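Enquirer: Protein chains in written order, with numbering that gives the first Met the number 0: chain A, 0 to 421; chain B, 0 to 421.
Watch out, some of these pointers could steer you wrong.
One copy or any two copies: either way a pair holds, since identical chains are not told apart in the list.
Straight line, CA to CA, 27 Å or less: simulated BS3-like cross-link-like pairs of lysine-lysine [as the list claims (entries may be wrong)]:
| id | residue 1 | residue 2 |
| --- | --- | --- |
| 1 | 405 | 95 |
| 2 | 67 | 104 |
| 3 | 95 | 388 |
| 4 | 67 | 95 |
Please keep in mind that the hints were generated in silico from the structure rather than gathered at the bench. Keep in mind that this is a model prediction, so the values were computed, not measured.
2 protein chains.
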Amino acid sequence: MEFESLKGFRDFYADEESARREVFDTIRETARSHGFDEVSAPSLEPLGLYEVKSGEEIVNETYSFEDKGGRDVTMTPELTPSLVRMYAAREQEMSKPVRWFASPKLWRYEQPQSGRLREFYQPNFDIFGAPGVEADAEAIATADAVLSNLGLTDEYELRVSHRGVVRAVVSSLGVDGETATAVHRTIDKSDRLNDDEVRERLVDAGLDDDGVETVLSLTSLDGWGATDELLGVIDGDEQREAVERLRALDEALEGYGVDTVFDPSVVRGMDYYTGVVFECFDTDGDLRAVFGGGRYDTLVEEFGGPSTPAVGFGIGDATLELLMRSADIWPAEETSVDYYVAVIGDVRETATRVARSLRDDGEEVRVNVRDGRSFGSQLEHADAVGATKTVIVGERDLADGEVTVKDMRTGEQEQRPVEGLV
Amino acid sequence: MEFESLKGFRDFYADEESARREVFDTIRETARSHGFDEVSAPSLEPLGLYEVKSGEEIVNETYSFEDKGGRDVTMTPELTPSLVRMYAAREQEMSKPVRWFASPKLWRYEQPQSGRLREFYQPNFDIFGAPGVEADAEAIATADAVLSNLGLTDEYELRVSHRGVVRAVVSSLGVDGETATAVHRTIDKSDRLNDDEVRERLVDAGLDDDGVETVLSLTSLDGWGATDELLGVIDGDEQREAVERLRALDEALEGYGVDTVFDPSVVRGMDYYTGVVFECFDTDGDLRAVFGGGRYDTLVEEFGGPSTPAVGFGIGDATLELLMRSADIWPAEETSVDYYVAVIGDVRETATRVARSLRDDGEEVRVNVRDGRSFGSQLEHADAVGATKTVIVGERDLADGEVTVKDMRTGEQEQRPVEGLV
Numbered sequence: 000m001e002f003e004s005l006k007g008f009r010d011f012y013a014d015e016e017s018a019r020r021e022v023f024d025t026i027r028e029t030a031r032s033h034g035f036d037e038v039s040a041p042s043l044e045p046l047g048l049y050e051v052k053s054g055e056e057i058v059n060e061t062y063s064f065e066d067k068g069g070r071d072v073t074m075t076p077e078l079t080p081s082l083v084r085m086y087a088a089r090e091q092e093m094s095k096p097v098r099w100f101a102s103p104k105l106w107r108y109e110q111p112q113s114g115r116l117r118e119f120y121q122p123n124f125d126i127f128g129a130p131g132v133e134a135d136a137e138a139i140a141t142a143d144a145v146l147s148n149l150g151l152t153d154e155y156e157l158r159v160s161h162r163g164v165v166r167a168v169v170s171s172l173g174v175d176g177e178t179a180t181a182v183h184r185t186i187d188k189s190d191r192l193n194d195d196e197v198r199e200r201l202v203d204a205g206l207d208d209d210g211v212e213t214v215l216s217l218t219s220l221d222g223w224g225a226t227d228e229l230l231g232v233i234d235g236d237e238q239r240e241a242v243e244r245l246r247a248l249d250e251a252l253e254g255y256g257v258d259t260v261f262d263p264s265v266v267r268g269m270d271y272y273t274g275v276v277f278e279c280f281d282t283d284g285d286l287r288a289v290f291g292g293g294r295y296d297t298l299v300e301e302f303g304g305p306s307t308p309a310v311g312f313g314i315g316d317a318t319l320e321l322l323m324r325s326a327d328i329w330p331a332e333e334t335s336v337d338y339y340v341a342v343i344g345d346v347r348e349t350a351t352r353v354a355r356s357l358r359d360d361g362e363e364v365r366v367n368v369r370d371g372r373s374f375g376s377q378l379e380h381a382d383a384v385g386a387t388k389t390v391i392v393g394e395r396d397l398a399d400g401e402v403t404v405k406d407m408r409t410g411e412q413e414q415r416p417v418e419g420l421v
Numbered sequence: 000m001e002f003e004s005l006k007g008f009r010d011f012y013a014d015e016e017s018a019r020r021e022v023f024d025t026i027r028e029t030a031r032s033h034g035f036d037e038v039s040a041p042s043l044e045p046l047g048l049y050e051v052k053s054g055e056e057i058v059n060e061t062y063s064f065e066d067k068g069g070r071d072v073t074m075t076p077e078l079t080p081s082l083v084r085m086y087a088a089r090e091q092e093m094s095k096p097v098r099w100f101a102s103p104k105l106w107r108y109e110q111p112q113s114g115r116l117r118e119f120y121q122p123n124f125d126i127f128g129a130p131g132v133e134a135d136a137e138a139i140a141t142a143d144a145v146l147s148n149l150g151l152t153d154e155y156e157l158r159v160s161h162r163g164v165v166r167a168v169v170s171s172l173g174v175d176g177e178t179a180t181a182v183h184r185t186i187d188k189s190d191r192l193n194d195d196e197v198r199e200r201l202v203d204a205g206l207d208d209d210g211v212e213t214v215l216s217l218t219s220l221d222g223w224g225a226t227d228e229l230l231g232v233i234d235g236d237e238q239r240e241a242v243e244r245l246r247a248l249d250e251a252l253e254g255y256g257v258d259t260v261f262d263p264s265v266v267r268g269m270d271y272y273t274g275v276v277f278e279c280f281d282t283d284g285d286l287r288a289v290f291g292g293g294r295y296d297t298l299v300e301e302f303g304g305p306s307t308p309a310v311g312f313g314i315g316d317a318t319l320e321l322l323m324r325s326a327d328i329w330p331a332e333e334t335s336v337d338y339y340v341a342v343i344g345d346v347r348e349t350a351t352r353v354a355r356s357l358r359d360d361g362e363e364v365r366v367n368v369r370d371g372r373s374f375g376s377q378l379e380h381a382d383a384v385g386a387t388k389t390v391i392v393g394e395r396d397l398a399d400g401e402v403t404v405k406d407m408r409t410g411e412q413e414q415r416p417v418e419g420l421v
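One chain only, chain A, in its complex shape (with noise of 0.2 Å):
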């Protein structure tokens, strides 16, 4: 009988597994350089969990069911939830800001594509407790480093824009309930459309022509410069609020040495953000986010915790690889191996010495289990392994007292006594 996974699942094989924890080593080294303590959470939580603020969006699209205790349960489809959770549980212990990094698996019921699997990994990066724009920096700084510490430089572009934004635009058209949404919609993908498309949802949106003129003028705009014209396109407190945040910003990530680009169709989709959002997108455009995140400064609370400011982002392990590839800085897809134990005839008690004294000393060893291997293809393996020395124990060389040590790259050998080895 023979089985497949199921589609939009990757096994990961030892060649590709060895690459993949390469990447993932390097973003927790650099949580860890940024001062971001690793926790991990459940991957089944209570269905309630994402009805709080998540959208019915993700709600629709998760591995949900009821479990044999006839409990409403879902295999988590992004990790914020349950770290609000965690948060909230105990957070009277936990000496503030709180910065959390956490790189789990999650799951989405969604038609599998390029860069959007149904299973993936999301490393996640959170500050809990600092409301200022240090820690919306210092997050941004941080995802930043991550992409620069994977090897990445000019292939990528942060863009960032802040909720107000959209907020005062929504508002200062008078709208609401499901017009305002998807205004809100219209313009999160108005990088991806035309200013005709554009215009022709927001008129099927209700919205009249003053209206769409307004939301045109704001998805028109991008760059630093562009924040004058904000305040032109709509003036008011709440703008003036954000515009004076992205500005603070932009002057803190020049202290990390991080450029970014103000682009106001920068929103996000998730419900719960309510300040500075940003994205992070290869230079080509197109990919779809490498990583994501923002403010959100309301959820602890929502979530039966305190009031807590919050920063984060989400990294999407499968844009990241799509980007890295066509940087040609993904990982060498293969394994290795310090040495390969050969076995030539009844020589296994000094094998398996031989084995035990290199692994002791911290290399990575491989010892030929199947006696009466033939020498050529135990070379062959040691080859296919990756095996930088192969250690030849044969019935001959014992006699001396030694054993061959061959160099699997030059094909040079060299005879050593074996008592150096054991």
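The hints should help you fit chain B onto chain A, whose structure is shown.
Expert: What follows is chain B alone, placed relative to chain A:
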């Protein structure tokens, strides 16, 4: 609105995750040092995958459901079926033996209790394509190395047997079907039952007096010396082969310096084991198995692959934690960071540059992201997050081009030129 995690699922806060990660890093390093390549499999698989060989028991105790596309799926309750599926799919491309390590989360819908949760981690080691006792020994020696690398010494005991031993007894009794299954289970549980309880179960299963006495003679055996007596209980080809294999295993393990005990009550619940089986228990006998495994030479073929000998084992994370805690070697549950950067006054830009520079040097750095926080409160926070040193960036020091570096353990402070740090 307040939420709790599901019963049997754990939140790992930073302190706890730090300890858990230290343990898992050691397990991963041991896998590497023993030449196992890491792989990873999906967390959701078609239900059919578990119906092949795992027995009904496991299917009844899983998180199984119908996905939105009408497929019967299961959150993976064990890893072996996925690995065997993966091996069968690509075995032709791989040089044998294949050694795989994986460290997945797994899920079972069981009653949560000490050492048994509904969500758990299970490091898993497998060798495919090596039929001999050398591979059995390598697997068991790797399991032993995991525990000794974690710092365990005489707190645990490795017990081994062979499925042929039980098979021979069952076959000598001339029973099959449910009776055979009941005999299997009773032998498996006999370590935790007294003779009267064993007798009762066997009589209930339908065994006659002679049969009962045969099984009791088997379960009373213990230790390598008992392998001769074993042949006194049942003599036959299968039994002799099993005893021969076990003796060869004991000898092979001597080369690794690994002691084991022969214990015919080691059966392992999984239906798919075919030969040598082993379990590791705490010496006090209070806990469930720390790890267990064995040889499963027919499973790959049953999954559509070619006939492939295989041996492997899985480690139970919850029991391992209980054992390490009782031995007082569970890692300290605390977070740490190399540097905290305190910000006093209007020095944000310099503080950012100091943090960047330390991070570029590979240090783990938390920088204050709350402007205006008092000096005392910053030092308290540095202490709470486990900072080794605090760099105090203050307006007054900076006027002289200096910062203060405080050793958080000794309290010693020294002035350092800021240029040396940036």
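Enquirer: The structure should be examined with respect to each hint, and the outcome stated for every one.
Expert: Against the structure, the hints:
In the homo-oligomer, the alpha carbons of residue 405 and residue 95 lie at most 27 Å apart only across protomers (21 Å), although the nearest pairing inside one protomer, at 56 Å, exceeds that limit. Taking CA atoms no more than 27 Å apart as the test, residue 67 paired with residue 104 passes in both settings, with 23 Å inside one copy and 19 Å between copies. For the homomeric pair residue 95 and residue 388, the shortest alpha-carbon distance between copies (18 Å) is at most 27 Å, but the shortest distance inside one copy (50 Å) is not. Taking the shortest alpha-carbon separations for residue 67 and residue 95, neither the intra-copy value of 39 Å nor the inter-copy value of 41 Å comes in at or below 27 Å.
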